[in-house]
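Assemble the complex: chain A is given as a structure, and chain B must be docked to it using the hints.
The listed protein sequences derive, respectively, from chains A and B.
Heads up: take any position in the first sequence, counting from 1, add 5, and you land on our numbering.
Heads up: take any position in the second sequence, counting from 1, add 5, and you land on our numbering.
Treat the hints with care, since some could be wrong.
The list makes no distinction among identical chains, and a pair is therefore deemed to hold if it is satisfied within one copy or across any two copies.
Computed list of lysine-lysine pairs in DSSO-like fashion (alpha-carbon distance at most 27 angstroms, straight line) [claimed, not checked]:
id, residue 1, residue 2
1, Lys163, Lys175
2, Lys46, Lys156
3, Lys145, Lys13
4, Lys105, Lys20
5, Lys145, Lys47
6, Lys185, Lys175
7, Lys47, Lys163
8, Lys13, Lys47
9, Lys156, Lys47
10, Lys137, Lys46
11, Lys76, Lys20
12, Lys47, Lys76
Because the hints were derived from the structure by calculation, they are not lab data.
The chain contents come next:
There are 2 protein chains.
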Amino acid sequence: MADELFCKVLSIGIKCRECEDRRANVRLTVESRSSSNPVHKKELVVRLSDDTDPFFLYNLTLGEEDFQSLKNQQGLLVEFSAFPQRFIDLLEQCILEQEKPVPRFLLQLAMSSNALDCMPASLNIIETNPFKHLIHLSLKLLAGSDSDVKKYLATCIKNLKLENCTLKEKLHKSEEDLSKRLGVTQQ
Amino acid sequence: MADELFCKVLSIGIKCRECEDRRANVRLTVESRSSSNPVHKKELVVRLSDDTDPFFLYNLTLGEEDFQSLKNQQGLLVEFSAFPQRFIDLLEQCILEQEKPVPRFLLQLAMSSNALDCMPASLNIIETNPFKHLIHLSLKLLAGSDSDVKKYLATCIKNLKLENCTLKEKLHKSEEDLSKRLGVTQQ
Chain A
6 MADELFCKVL SIGIKCRECE DRRANVRLTV ESRSSSNPVH KKELVVRLSD DTDPFFLYNL
66 TLGEEDFQSL KNQQGLLVEF SAFPQRFIDL LEQCILEQEK PVPRFLLQLA MSSNALDCMP
126 ASLNIIETNP FKHLIHLSLK LLAGSDSDVK KYLATCIKNL KLENCTLKEK LHKSEEDLSK
186 RLGVTQQ
Chain B
6 MADELFCKVL SIGIKCRECE DRRANVRLTV ESRSSSNPVH KKELVVRLSD DTDPFFLYNL
66 TLGEEDFQSL KNQQGLLVEF SAFPQRFIDL LEQCILEQEK PVPRFLLQLA MSSNALDCMP
126 ASLNIIETNP FKHLIHLSLK LLAGSDSDVK KYLATCIKNL KLENCTLKEK LHKSEEDLSK
186 RLGVTQQ
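Isolated chain A, as found in the complex (with noise of 0.2 angstroms):
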């Protein structure tokens, strides 16, 4: 069961050694998700995906132990539950800089080669500041396998499936109206 907390086209600057830096729009979502097995384990998933390039996606699963760790290393003072609203939050904060000239909050993903290397990826949320950039939280996430990907795009599919279905009921009522309406009209 994935409860979906967040799920915004961002614009977010893509740094990678080999290639140039660019900015792209990128969907993040922001999901928690109980696994069955144990009972009551409760984790995030954080995915980045590309509504116009089927093949991009970014993924991390972080589950409590997990955040334990990232608490430590980046010194994070919010507990597991809080989390999630905190990096939120963040990004609330990423939107409403990204149309500004000099945007003060940036999200950023930071890649050490290209996708097919499996290394993570670094996702970023820094803030500018006169002095420096600070970061506020960076994330390690993974590129997608063809596995990860192959489901990725079914549950797409079914959404797109599911849309279109509601759409052709709608155009179907909408056609039935106007031909009701012309029916009066003509009488």
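Frame of chain A; chain B shown alone:
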């Protein structure tokens, strides 16, 4: 460049060693493709997919040389250029017969065991007469790898998005017509 020659949902008998025989509705696509390297090389692509199961995928890519050995093995009397249409004629025969209580022509997919062992499955077109089962054609198809499925699903998504777009446009137009019509009536 791919040219779609046939794309229909057919009833197919699925036979595998470790599970019971069953019937399923499967989409069979036949495409003619010219590969760009070397120039003017034509290939025939046969694909089995399932509209209700995004992970079900079997593929065959048949080049002219592969066809020569198929021709020798199975004693075919047609050339590569005429083969696709003869194959499609046989498929149409199966469709004509599939609703009958005792179909004379049957499409069968025979798998050695589960799809994970990467053994090819045989797509057979079988005529049953009072004396015996006659195999008119037997093609070896490979279960799609994660990478194959990924690419196939990306194409499905592209098509679904296009369909979605068209539906949205139609709906918009229909609603516009309706509100215009309402305006006229109220005057």
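Which numbered hints turn out to be false for this structure?
10
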